[in-house]
Amino acid sequence: MKNEDSIFNRWSRRDMLKSLAGIPVLGTVWFAGAKLTGSAMQEKEFLLETLNIKAAAPPASGPMSGAPVRLGIIGFGIRGEQLCRALGFATKEWLASMKESSENNPNDTRLKEFLDQENLNLKITAVCDVFDVNADRVINSFSTPENKVTRYTTHKELVASGQVDAVIIATPDHWHAPMAIDAINAGVHVYVEKPMTHSISETYALRDAVRSNDKIVFQVGHQHRQTQSFLTAMDIINKKTLGHISLITTNTNRNDDNGAWQYDIHEKA
Amino acid sequence: MKSNEFSSGQNNSLILLRILIGWHFLYEGVLKLYNPAWTSKGYLLSASFFKPFFVWISGDSMIGVVDTLNIVGLIAVGVGLLVGFKIKWASVGGILLLAMYYLAHPPFPGLEQGPAEGSYWIVNKNLIELAALLVLYQFPVYTSFGIERFFNRKKAEPANG
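First to last, the protein sequences are chains H and Y. Heads up: the first sequence begins at 1 in this note's numbering, then just goes up one per residue. Heads up: the second sequence begins at 1 in this note's numbering, then just goes up one per residue.
Isolated chain Y, as found in the complex:
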């Protein structure tokens, strides 16, 4: 059923990457969904970059929508990547979310760094995960291990065309 020219090793590595990122997004989303006290307000208010924007979206009139969008976005991206549905959309959504997280607290020299489990200069794990999603967006990771193949029968079966 291989519909591309990747070796199975290449294919499986991409799928593994997809599952791991999906896992990560989904778990973050579910934790927030089940914790009624969770809010992104603190993270946004402490933004060290684009501060006016992040402070604006953390305002009382916006924060409810922002939190809901974040939870829905995280879960949607996670589910999409895990079950293999609309992977390109999920990748774009994940990239947008990660770009926001990155830009609120970018590890730029001279900016105050919040508590982190490692040491970063310009590049941090948000940025790496973002780049990994860019890879998933660029490669046809939907052809196996995912329900998307049900919706891509023609693509998956070029020989029968």
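In isolation and in its complexed conformation, chain H is listed as follows:
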């Protein structure tokens, strides 16, 4: 009993101080770490606020109510298939290969990410592709009992069919402008892959078509421009935060077969 109580008697004040001396060091290091982290973040906030830079989020997608948008696919090659997936439509072949891949590799989340996409309330009603294999894949994968995808042999028939509200154009480059102009003049909304046109005169013709059909939504597939970093950069440029900008240079390097769009030719082509 005496021993239990005697800790403070047996130890001198010096011993006690020595025992507890680590605690102020702990407090100092903790305080320094917390304060430095906080002030670094405050400095960033302060800079953004002073320069009036808003990290603008991309606009939210609109209400998905009402009748589904009826979509025609013009060109269902590699890019056309990717765009359809972005809209929520994957071919049976792709779904099967992703299922197998995710079963073999739990890190492969491509299938899950596809399935987690929001529903954009649209249906694919028509396809136009000169290559039978591609057209058949659209029909086989995207047809439903209520909605059988119709194949058209020319884009003109497709846009004039009355079966589509909008088209996606993912054909070889030189077809982009003529098809887009035909679609617009038929009163069909257009999402056309880049490059928008193949010549300067086409560009003027396409601009005239868009301007004379003001109910048409016309989009070019430059997705980066919808991303937060680009919107923030636009904000900075518009507010002249960096002053007058007279030159912007960018580089990209796609130094491989895929980057040069060199693909294997399909055996049935």
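Hints in this document: simulated from the structure, not taken from any laboratory. One or more hints might be untrue.
[Claimed, not checked] Only part of the chain H face toward chain Y is listed, based on derived beta-carbon distances under 8 Å:
no.: 1; residue: Lys18
no.: 2; residue: Ser19
no.: 3; residue: Val25
no.: 4; residue: Leu26
no.: 5; residue: Ile78
We put the beta carbon where it would ideally sit given N, CA and C, even for glycine.
Starting from the known structure of chain H, arrange chain Y on it as the hints suggest.
Same frame as chain H, now just chain Y:
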């Protein structure tokens, strides 16, 4: 109050080592704790050794737990060494953490070296700090300058036994 046969110079050197390593661990942990954007994902994904393992623990389902464990581990080791509590446990924890940091990016010949403030071949500062913690584990650095002595009264007072 000396309970071992070390000279005070030897004792104080060990305590100094303990405080410096504790300081380092604690500061690393606190910085990460107060920075919500911090994550070990980049460090793990760029691992040059045991890559499948480090990439696995950097996956979306794991990274939250890994980051939390890392922050808690760093702070716990730092606090333990600084205030002198459960020093042996803290040493083992620190050794495990340092072993992970070392193995993700070991300075082995032929492996790509990330940005570093010095030049290393097989031995780098992580490994040296790890060895220093091994020293702390092996020596009775808890007998002074630390609250552990409150819990080691009998050890500290052999004469009264």
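Now the hints, each set against the structure:
no.: 1; hint: Lys18; in the structure: 5 Å, holds
no.: 2; hint: Ser19; in the structure: 5 Å, holds
no.: 3; hint: Val25; in the structure: 5 Å, holds
no.: 4; hint: Leu26; in the structure: 5 Å, holds
no.: 5; hint: Ile78; in the structure: 27 Å, violated
The structure shown violates just one earlier hint, number 5.
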